[in-house]
Amino acid sequence: MTMFTVLEGVAAPLLRENVDTDTVIRIERLVSLEKVDLGHWAFETLRYRKDGSDNPDFVLNQPRYRGARILLAGRNFGCGSSREGAVHAILGMGIRCVIAPSFGDIFFSNCFQNGVLPIVLPQAEIDKLAEEARESAAGGAFAVDLEAQEIRTPGQRTVSFATDPNRRRALLQGLDPIATTLQRDGDIESFQQRDRQARPWIYG
Amino acid sequence: MPGQSLFDKIWDAHVIADLGSGTSLLHIDRHIMHDLGGGRGLRRLSELGHKLRNPELIFATPDHAISTEPGRTSETTPLSSGYMKVLREETKKHGVRLFELGEDGQGIVHVVGPEMGISLPGVTLVCGDSHTCTHGAVGAMAWGIGSSELVHVLATQTMVQAKPKRMRVSFSGRMHDWVRSKDLILYLIGRLGAAAGSGSAVEYAGPAIRALSMEARLSLCNLSIEMGARFGMIAPDDTTFEYLAGRPFAPEGRMWDRAVSHWRTLPSDPDAVFDREESIEVDAIAPQITWGTSPQDVIAVDGIIPDPASAANPSRRHEMELAQRYMGIEPGRPIAGTPVDRVFIGSCTNSRIEDLRDAAAVARGRQVAKNVTAWVVPGSYIVKCQGEAEGLDAVFRAAGFEWREPGCSQCVAANGDVVPPGQRCVSTSNRNFAGRQGPGSRTHLASPAMAAAAAVAGAITDIRQLA
Ligand code: SF4
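Quick note, the sequences are listed as chains A and B, same order. If you're matching positions, the first sequence starts at 49 in our numbering and goes up one per residue. If you're matching positions, the second sequence starts at 100 in our numbering and goes up one per residue.
Keep in mind that the hints were calculated from the coordinates and are not lab data. Wrong hints could be hidden among the right ones.
[To be verified] Straight-line Cα separation of at most 35 Å, DSBU-like style, residue types lysine-lysine; simulated pairs:
#1 A/K176 x B/K264
#2 B/K150 x B/K191
#3 B/K262 x B/K150
#4 B/K264 x A/K83
#5 B/K264 x B/K191
#6 B/K192 x A/K98
#7 A/K98 x B/K262
#8 B/K192 x A/K83
#9 B/K150 x B/K192
#10 A/K83 x B/K469
#11 B/K150 x A/K176
#12 A/K83 x A/K98
#13 A/K176 x A/K98
#14 B/K184 x B/K150
None of these values were measured; they are calculated from a predicted model.
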C-alpha cells in the first residue's frame with residue numbers, strides 16, 4: 049500500500065451531494081481492453097463539453113484548482129458502484145485526500161487500499177475550508193498531516209480529524225493488507241477447523 | 100446484556116480476530132465473482148505471488164460484460180470475448196467453479212447466488228459488486244467489495260471490517276394493489292435520502308416484510324446500497340427455508356435439518372438494540388417512479404414533478420435543477436403521461452421469475468406502443484428456461500417485447516446494450532445516475548408492472564389506471 053504521511057497542496061471545492069462513482073468514472077473507460085488514462089477521464093461528464101473541450105464551469109478546470117491534491121466534497125461522496133477505478137481516476141488527477149461530510153462505504157474502503165485518505169468532517173467545517181480555498185491565492189496551500197491528524201489551512205487554522213487507528217497505521221507505514229492478514233494464517237486455519245464442526249454445510 | 104440483532108449474531112460467529120477499535124478479521128463463507136472482476140482478480144492474485152486459499156468457497160459467472168443479444172456467444176462483442184477468455188483461463192487454472200453460458204448458474208451474480216442455494220442464512224458473502232446487499236434477503240451478511248479487497252479475500256478467505264452501526268426499518272400494514280417491494284424500498288429511500296444508511300447495516304422487519312415472497316425480499320434488499328447501506332438484511336423464516344430447500348448448493352437431508360435449526364436461532368432477539376429505528380406504513384405507498392438522477396428523487400406515479408424552489412436549501416435546489424435539466428422534465432406537471440422511448444425489464448433488482456410473471460400479466464393481450472423499444476432480460480439461465488416453460492417469452496414477444504439472454508444488459512452500459520443519448524427509459528434496475536444506461540440516457544426507476552405499463556402506453560403510466 050502507498051504510504052501517506054503529510055500531504056501538501058491545493059484544495060478544490062466540489063460540494064455537490066451524492067456524487068456517484070459512475071460520475072467519477074464512466075464504466076466504458078474502466079472496462080476497455082486497452083490501457084486507459086483514468087485521470088484524464090475522471091468526472092468526464094462534468095469536466096468536458098460534448099465537443100470534448102474543457103467545461104470552464106467545472107471547478108477542477110479553473111486554473112486555481114488545476115493540480116489540486118485535496119478534494120472538498122459534498123455529502124455521500126462516492127456512493128453507488130463498488131468500482132475501485134473511481135479511486136484510481138481521482139488518483140490519476142493527482143488527488144490524494146478527499147474531505148466530505150460522509151462517503152459511500154465501499155468507496156471509503158477503496159480509498160485506503162490505494163493510499164488515498166478520506167476524511168469525514170462536519171458540513172460547516174467543510175464550508176469553511178472551501179471558503180479559505182476560494183479566497184486564498186491560487187487555491188491556497190493546505191497541509192493534511194495524518195500523523196498529527198490535523199489539517200493546516202492557508203488561513204493558519206488547524207482543524208483536527210479522526211481516523212480509524214488500524215487504517216491510519218496501515219497508511220502511515222504503507223503496510224500491505226494481504227501480508228498483514230497472512231501473518232494470522234494460523235488463526236484462520238483454526239477458525240475453519242472449528243467452524244467445519246459447527247457448520248459443516250458451509251464447506252460442502 | 101441486551102439482546103443481539105441478526106447482524107450481531109452473524110458478525111460474532113465470523114470473527115477470527117478482534118483487531119481493536121471496532122474492527123475485526125472476519126471469515127468469508129461465500130465469494131461470487133463476475134466477468135469484469137473475477138478473472139482479473141485471480142490474475143492479480145498470482146502476480147502478487149499469493150495462492151488461492153479456498154477455491155471451494157468461490158463461484159464465478161459472466162453477467163456484466165456478456166452480451167444479452169438473442170443467440171449470443173462469448174464472442175458477440177470484443178469486450179465480452181476479452182473478459183471471458185481471462186475468466187475461463189483463470190478459473191480453470193485456480194480450480195474455481197465457473198457457471199458457463201447456457202448452463203444453470205449463469206446469470207446476474209445476485210440472481211444466481213440465492214437461486215443456486217449458494218447464498219444461505221447466516222453466511223458471510225462478498226462479491227465485487229455493490230448490490231451484493233441483495234443476498235441479505237436470505238438472512239446472510241452480504242456486502243460489496245472493491246477489487247483490492249477481492250484479491251484479499253482470494254488470498255486469505257477473510258475481510259478486515261469495521262463494525263457498522265445497526266439500523267432497523269419496520270414495515271407494517273397492507274400493500275395496495277399493484278404496489279410491489281420495489282415501491283416500498285424506493286419510497287423508503289425517498290423519505291430518508293440516499294445517504295441515510297451510510298455506515299450502517301439495515302435490517303428490514305415487521306409484518307409487511309414477513310408477508311413478502313423471497314423474490315420480493317431480494318428486490319427490496321437490492322436497493323439498500325442506494326440508501327447508502329453496504330448491508331441490507333431480512334431475518335430468515337419459513338419463507339426463506341421453503342425457497343432454499345432443494346436448491347443445488349443448499350444442504351440436504353440431515354444436514355439440511357441441522358442447518359435449519361441453526362438458522363432459526365438467527366433472528367434478532369426481541370430486546371436487540373439498534374442505533375436507529377424507522378417505521379413505515381405500507382398502506383400509504385402508491386406505485387413509485389423516479390424523476391431525477393438519484394434513487395432518492397422519487398414520487399408516487401400519480402404525483403407532480405417537484406419544484407426546486409421548494410427545496411430546503413440552495414444546494415439541494417441547484418441539484419434538483421441540474422437533475423431536471425438532465426432528465427428533460429419540468430416541475431409542476433404530473434409525471435404520468437411523460438412519453439418514453441425505451442423500457443428495460445431486467446437487472447439484479449427485478450429479473451426473477453415473479454417479476455417476469457408480473458410484467459407478463461400486464462403485457463398479455465396488449466401491444467408495445469409505437470416508437471417504444473422494450474426489452475425483457477431474464478436474470479439467469481434458470482429464470483430464462485422457466486419463463487419459456489411457462490410461455491412468458493411468447494406473451495412478451497406477441498406484445499412486441501424483445502426476449503433476451505440472461506445478463507446485466509442495459510442496467511450498466513458495459514456490454515453493448517445501451518440507451519441512446521437523450522432517450523427516456525423506464526427501467527426496473529436500481530440506478531438512475533446520469534449516464535448510467537449510456538451517455539445522455541434518462542432513466543426512470545420503477546417496478547416491472549409499472550415498466551410494462553409504460554411500454555404498452557408509450558408513456559409513464561399509473562398501472563392502476565391502465566385500461
Ligand atoms: S444488474 Fe446492474 S446493478 Fe445488478 S449487478 Fe448487474 S450491473 Fe450491477
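Okay, the hints, checked on the actual structure:
As the CA atoms of A/K176 and B/K264 are separated by approximately 28 Å, the hinted pair is consistent with the 35 Å bound. Distance check on the hinted pair: B/K150 and B/K191 sit about 14 Å apart at the alpha-carbon level, within 35 Å; holds. Taking the CA atoms of B/K262 and B/K150, the gap is near 28 Å; set against the 35 Å cutoff, the hint holds. With a C-alpha separation of about 39 Å, the suggested pair B/K264 and A/K83 falls outside the 35 Å cut-off, and the hint is violated.
A distance of roughly 39 Å separates the Cα atoms of B/K264 and B/K191; the hinted pair therefore is violated under the 35 Å criterion. Under the criterion of a C-alpha separation no larger than 35 Å, the hint pairing B/K192 with A/K98 is inconsistent with the structure, at around 44 Å. The hinted pair formed by A/K98 and B/K262 fails the criterion: a straight-line CA distance of about 43 Å is larger than 35 Å. Our distance criterion of 35 Å between C-alpha atoms is met by B/K192 and A/K83, whose separation comes to about 25 Å.
Between the alpha carbons of B/K150 and B/K192 the distance comes to roughly 11 Å, so the proposed pair stays at or under 35 Å and holds. Taken as a hint, the A/K83 and B/K469 pair is broken in the structure, with Cα atoms around 42 Å apart against an allowance of 35 Å. Distance hint between B/K150 and A/K176 is unfulfilled; the C-alpha atoms sit about 48 Å from each other, more than 35 Å. With a C-alpha separation of about 23 Å, the suggested pairing of A/K83 with A/K98 holds against the 35 Å cut-off.
Taking the CA atoms of A/K176 and A/K98, the gap is about 33 Å. The hint holds against a cut of 35 Å. Proximity of B/K184 to B/K150 is assessed by CA-CA distance (about 21 Å); at most 35 Å being required, the pair is judged to hold.
Hint compliance for this structure: hints 4, 5, 6, 7, 10, 11 are not met, and every other hint is.
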